[in-house]
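Undergrad: Residues per chain, in single letters:
There are 2 protein chains.
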Amino acid sequence: MTDAFLSKFIHPASTKIVMLIMDGLGGLPAAPGGLTELETARTPHLDRLAGQSSLGLTIPVIHGITNGSGPGHLSIFGYDPIEYEIGRGALEALGLDFDLQPQDVAARGNFCLVDEEGVLIDRRAGRLPTAESRELITRLREIRVAGVEFYIETVKEHRLAFVMRGEGLSPALSDSDPQTNGVPPLKVRALKPEAERSAEIANLFIEEAGRLLHGERAANMITLRGYDRLPTLPSYAEKYHLKAAAIAINGMYKGVARLAGMDVLEVGGMTLADELTTLEKYWADYDFFYLHVKQTDICGELGDFAGKVAVIEEVDASLPRILALKPDVVIVGGDHSTPAVMKAHSWHPVPVLVHSKYVRPDNIHEFGERACQHGSLGVLPATQIMPIVLANAGRIAKYGG
Amino acid sequence: MTDAFLSKFIHPASTKIVMLIMDGLGGLPAAPGGLTELETARTPHLDRLAGQSSLGLTIPVIHGITNGSGPGHLSIFGYDPIEYEIGRGALEALGLDFDLQPQDVAARGNFCLVDEEGVLIDRRAGRLPTAESRELITRLREIRVAGVEFYIETVKEHRLAFVMRGEGLSPALSDSDPQTNGVPPLKVRALKPEAERSAEIANLFIEEAGRLLHGERAANMITLRGYDRLPTLPSYAEKYHLKAAAIAINGMYKGVARLAGMDVLEVGGMTLADELTTLEKYWADYDFFYLHVKQTDICGELGDFAGKVAVIEEVDASLPRILALKPDVVIVGGDHSTPAVMKAHSWHPVPVLVHSKYVRPDNIHEFGERACQHGSLGVLPATQIMPIVLANAGRIAKYGG
Numbered sequence: 002m003t004d005a006f007l008s009k010f011i012h013p014a015s016t017k018i019v020m021l022i023m024d025g026l027g028g029l030p031a032a033p034g035g036l037t038e039l040e041t042a043r044t045p046h047l048d049r050l051a052g053q054s055s056l057g058l059t060i061p062v063i064h065g066i067t068n069g070s071g072p073g074h075l076s077i078f079g080y081d082p083i084e085y086e087i088g089r090g091a092l093e094a095l096g097l098d099f100d101l102q103p104q105d106v107a108a109r110g111n112f113c114l115v116d117e118e119g120v121l122i123d124r125r126a127g128r129l130p131t132a133e134s135r136e137l138i139t140r141l142r143e144i145r146v147a148g149v150e151f152y153i154e155t156v157k158e159h160r161l162a163f164v165m166r167g168e169g170l171s172p173a174l175s176d177s178d179p180q181t182n183g184v185p186p187l188k189v190r191a192l193k194p195e196a197e198r199s200a201e202i203a204n205l206f207i208e209e210a211g212r213l214l215h216g217e218r219a220a221n222m223i224t225l226r227g228y229d230r231l232p233t234l235p236s237y238a239e240k241y242h243l244k245a246a247a248i249a250i251n252g253m254y255k256g257v258a259r260l261a262g263m264d265v266l267e268v269g270g271m272t273l274a275d276e277l278t279t280l281e282k283y284w285a286d287y288d289f290f291y292l293h294v295k296q297t298d299i300c301g302e303l304g305d306f307a308g309k310v311a312v313i314e315e316v317d318a319s320l321p322r323i324l325a326l327k328p329d330v331v332i333v334g335g336d337h338s339t340p341a342v343m344k345a346h347s348w349h350p351v352p353v354l355v356h357s358k359y360v361r362p363d364n365i366h367e368f369g370e371r372a373c374q375h376g377s378l379g380v381l382p383a384t385q386i387m388p389i390v391l392a393n394a395g396r397i398a399k400y401g402g
Numbered sequence: 002m003t004d005a006f007l008s009k010f011i012h013p014a015s016t017k018i019v020m021l022i023m024d025g026l027g028g029l030p031a032a033p034g035g036l037t038e039l040e041t042a043r044t045p046h047l048d049r050l051a052g053q054s055s056l057g058l059t060i061p062v063i064h065g066i067t068n069g070s071g072p073g074h075l076s077i078f079g080y081d082p083i084e085y086e087i088g089r090g091a092l093e094a095l096g097l098d099f100d101l102q103p104q105d106v107a108a109r110g111n112f113c114l115v116d117e118e119g120v121l122i123d124r125r126a127g128r129l130p131t132a133e134s135r136e137l138i139t140r141l142r143e144i145r146v147a148g149v150e151f152y153i154e155t156v157k158e159h160r161l162a163f164v165m166r167g168e169g170l171s172p173a174l175s176d177s178d179p180q181t182n183g184v185p186p187l188k189v190r191a192l193k194p195e196a197e198r199s200a201e202i203a204n205l206f207i208e209e210a211g212r213l214l215h216g217e218r219a220a221n222m223i224t225l226r227g228y229d230r231l232p233t234l235p236s237y238a239e240k241y242h243l244k245a246a247a248i249a250i251n252g253m254y255k256g257v258a259r260l261a262g263m264d265v266l267e268v269g270g271m272t273l274a275d276e277l278t279t280l281e282k283y284w285a286d287y288d289f290f291y292l293h294v295k296q297t298d299i300c301g302e303l304g305d306f307a308g309k310v311a312v313i314e315e316v317d318a319s320l321p322r323i324l325a326l327k328p329d330v331v332i333v334g335g336d337h338s339t340p341a342v343m344k345a346h347s348w349h350p351v352p353v354l355v356h357s358k359y360v361r362p363d364n365i366h367e368f369g370e371r372a373c374q375h376g377s378l379g380v381l382p383a384t385q386i387m388p389i390v391l392a393n394a395g396r397i398a399k400y401g402g
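Top line first, the protein sequences correspond to chains U and V. Counting in our numbering, the first sequence runs from 2 upward without gaps. Counting in our numbering, the second sequence runs from 2 upward without gaps.
Errors might be hidden in some of the hints.
Which copy is meant is left open, because identical chains are indistinguishable; a pair holds if it fits in one copy or across any two.
[Stated by the list, open to error] Distance condition first, Cα-Cα at most 27 Å in a straight line; then the derived DSSO-like pairs of lysine-lysine:
1) K9 with K399
2) K327 with K240
3) K240 with K358
4) K344 with K17
5) K17 with K327
6) K399 with K344
7) K282 with K244
8) K327 with K358
9) K399 with K157
10) K344 with K327
11) K17 with K188
12) K240 with K193
These are computed hints drawn from the structure, not numbers from a lab.
Please work from the sequences and hints to get the whole structure.
TA: Right, dumping it as structure tokens:
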């Protein structure tokens, strides 16, 4: 509803937008009464920019929900993260940082044990150690079926991620996992006529897996379940009239950006500096750049408070390279919080900053959680950031007379 | 939509939650430029807790709506107060602090005057004085019908509240009030087949009332209208996997808590100290405790600013007893505002505090309306408090990868 309303007023312009996302940016104090990671970090450039910006705290999904990076990115990209759910199979692949493509069919799988008649003895193969699982996986990578590529990855213990890539595949497939021992795994069936060939391919893969694993004591078969693919979203071109590009190192973020119809740019290295070089290189070619920093989240997940602080300081030190390009609008934010003290994602609202020459500055000269809580954007759904950004980019027409 | 979404992620845990509701908590300054009741009160314990909490202002229904305690409680309990409307008959009973049960059928009634042919002369019996109404009511309490109990209470002047309690009753009944003089009151008709017996019982009650009041000059008949019962809500057990208990002195709050499937605990007295004793006694038995303080609202309604301040200070002094139990999450809030200067409920957002060891403290060391307006929860619908509470209680799983 809001989306349809907004779309009537969006028009193209020649302005340029940079959205800098520090993954898991939001944090918590290391000790009661203390400062968060972002508040601890020495960030002179971000603080100066904050003084010329509108600040706020974003809620990625709804209050209280701890979200993954998938929904968190969809939300700050302007897509309702509840409406556009990324299914379990696709999620498993994205979660492994697999560069899932829109037409790929993904599923979750198990290593399992069957007896000589092919009857399931243990659906989880005794939760075999991850290292053993990785070894068995390498065997399965030999499987070939004409016209399709397979990707198979260990998730943890018996759990694996399975992806089929090729023309005309469909995720309308039944599970081969019968969810109980004492019966044989099921044949994969097509749930729609157009999935017949996909069912055949999945069954071929499973049969071949059984052949290759025959005689193994830890696990001698696999099952697959929960087939799906990435959701289809209106692209940034359709939705916002933006020619958008993504600059990210990790596959998952490339995958989510591709969902939004962004071009994923080649980054010639693994560092933030490499990402900035990419930004500079393609500066003339796009209206919108999404730039992703992963290390904030990694440090948060590891409980490395000081490491997260250091990454934020590195980002701060790099900010002048972005500002030197003279973007019309800069957003600095995150896809969720990952407080180091929790060693996990959390539900806490995420600091955000929107800068352009048209913002009404909040007179807050600091970029931090408690500073942003006093900002003029308030505590708002992350999905509302893009309309504000587009307005600041001179890309929204007036409503009514 | 949001509810269905949220419910997928809620799981049980062993954490304990206390929700302390001061009825009509929000206030206004007694004089321009002054402080509200809560801001005036000396609240060292609440202020200290505020410093370790997330603060905000809750909107019970929507901006601008002044609400009663029924919708106000539903909202902060996490139920959409517009979707779950408590009907007029049930409201009349709850509003009188009647301990309405889920299967009770409630209606609103009038004392009225009829002539010798039974034709209505005055639908409101000349708005007879409340004292007279109370006297007549005592007569009606003698009425007996097998298999059903009646409760009848004076509301004000000619208005009364009527409740039937028994097996298999239905509120699908037509009004006996014809809404005009010059005609006889109508027979109560069953609007659904299952209401036949209820219609018969209501008619028996009305006939008997006419017989008992025969010859009275002030009022010699009653009419009944607007039959309904309490709405059916998903219980806290279903909705939140919480074993929940309510500690309240007044019937209305017990009634609303019972709607949410909370066990209503016996309080051995009428004071806040008695309520806290109950909390301590049952501490091991429940996950969630709703604790209600009525006096804040009563003082507000009476225009007793100093009285409301004193009640808040009493609550503050009692806070250590709650904190001594080491709850994982504490919420302090209200169901609506009742500013003493207005002597009535109002639409003003209500201060709220959510404390747990996982909140990101707002660095605001005061619990008051203007302090809470700077909090990180922002100004938010009261229905969003419970998801935040559940997150802090470790009871919500992660969404997406």
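Undergrad: Each hint needs a verdict: does it hold in this structure or not?
TA: To see whether the hints hold, each was checked on the structure:
In this assembly of identical chains, K9 and K399 lie within 27 Å of each other by CA distance solely inside one copy; the values are 10 Å within and 35 Å between copies. Taking the shortest alpha-carbon separations for K327 and K240, only the intra-copy value of 24 Å comes in at or below 27 Å, while the best inter-copy value is 50 Å. Taking CA atoms no more than 27 Å apart as the test, K240 paired with K358 passes inside one copy only; the shortest distance there is 24 Å, against 41 Å between copies. In this assembly of identical chains, K344 and K17 lie within 27 Å of each other by CA distance solely across copies; the values are 22 Å between and 36 Å within a copy.
Only within a single protomer do K17 and K327 lie at most 27 Å apart by alpha-carbon distance; the minimum there is 8 Å, versus 52 Å between protomers. When the C-alpha separation of K399 and K344 is checked against a cutoff of 27 Å, the pair qualifies only between copies, where the shortest distance is 14 Å, while the shortest distance within a copy is 45 Å. When the C-alpha separation of K282 and K244 is checked against a cutoff of 27 Å, the pair qualifies only within one copy, where the shortest distance is 16 Å, while the shortest distance between copies is 59 Å. In this homomeric assembly, K327 and K358 come within 27 Å of each other (Cα to Cα) only inside a single copy, at 11 Å, whereas the closest approach across copies is 42 Å.
Taking the closest pair of Cα atoms, K399 and K157 come within 27 Å of each other only across two copies (18 Å); inside a single copy the shortest separation is 52 Å, beyond that limit. Taking identical chains as interchangeable, the C-alpha atoms of K344 and K327 lie at most 27 Å apart only when they sit on different chains, with a minimum of 24 Å there against 36 Å within one chain. Taking CA atoms no more than 27 Å apart as the test, K17 paired with K188 passes in neither setting, with 52 Å inside one copy and 47 Å between copies. Taking the closest pair of Cα atoms, K240 and K193 never come within 27 Å of each other, the shortest separation being 30 Å inside a single copy and 35 Å across copies.
In the structure shown, a violation is registered for the earlier hints numbered 11 and 12, in ascending order.
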